[in-house]
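For the protein sequence lines, the chains are A and B, in the order given.
Taking our numbering, the leading residue of the first sequence gets 5, the next gets one more, and so forth.
Taking our numbering, the leading residue of the second sequence gets 12, the next gets one more, and so forth.
Calculated directly from the structure, the hints in this document are not laboratory data.
Don't take every hint at face value.
What the hints assert, rightly or not - Taking lysine to aspartate or glutamate pairs in the EDC-like style, the calculated list, with each CA pair at most 16 Å apart, reads: (1) Lys52(B) <-> Glu7(A); (2) Lys52(B) <-> Asp96(B); (3) Lys5(A) <-> Glu55(B).
Unchecked claim - Examples of chain B residues lying across from chain A (beta carbon under 10 Å, computed): (4) Leu99; (5) Ile108; (6) Arg122.
As the structure is a prediction and not an experimental result, all values here were calculated from the model.
Beta carbons: idealized from backbone N, C-alpha and C, even for Gly.
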Amino acid sequence: KQEVTQIPAALSVPEGENLVLNCSFTDSAIYNLQWFRQDPGKGLTSLLLIQSSQREQTSGRLNASLDKSSGRSTLYIAASQPGDSATYLCAVAGANSKLTFGKGITLSVRP
Amino acid sequence: ETGVTQTPRHLVMGMTNKKSLKCEQHLGHNAMYWYKQSAKKPLELMFVYNFKEQTENNSVPSRFSPECPNSSHLFLHLHTLQPEDSALYLCASSQGIGTDNSPLHFGNGTRLTVT
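Whenever a hint applies, use it, and build me the whole structure from the sequences.
What follows is the structure in structure tokens.
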């Protein structure tokens with residue numbers, strides 16, 4: 005059974021800092037890995053999707069990497085801003101396309 | 012503005028009530044999903060529909076009854092719920108399922124409280 009872990013559960017950083025959010029998964033047989041953002045009281049917004057054949061994806065200040073063999077992904081946020089404060093969730097898609105989610109990392113960027 | 016709309020945003024119901032959650036997607040997607048998000052737990056997949064046909068029932072109790080009349084609409088009918096069913100219920104859609112690598116688009120959810 006696939007398990008997705010995101011540690012730490014919460015993170016607080018000063019504005020402007022570059023930061024890395026980590027995600028690990030137990031079963032390397034995945035089709036893709038997705039990073040989502042969730043604001044309080046809202047649904048999830050897809051940030052980046054990395055296919056199993058890819059190593060990374062970039063969108064603006066965000067860069068996500070994938071290392072299937074080690075079961076790890078990182079989300080890199082450059083020059084963090086207070087508007088980046090949210091919960092970031094990692095999810096992996098298995099053979100039946102079923103997504104398994106981590107519990108998320110709650111990020112607070114201090115002005 | 013999300014392309015997936017969920018109503019109502021908030022719902023309070025007693026354990027003997029019957030209510031329904033509604034989801035509508037305006038993205039032309041073929042697959043729709045119900046997820047449950049409880050405090051301090053990962054999102055849990057409940058049901059998956061592809062081209063109106065249910066393809067996944069993740070051992071969900073029968074007090075939750077999904078309905079998908081067409082690819083754009085998804086309902087979750089609720090009856091005789093328990094307090095532990097209180098959670099945020101999220102609807103999502105995607106272009107397809109399987110290996111097409113299409114991202115999920117989520118609605119803003121219905122916050123359900125069972126008293």
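Violated hints, by number in ascending order, as checked against the structure: none
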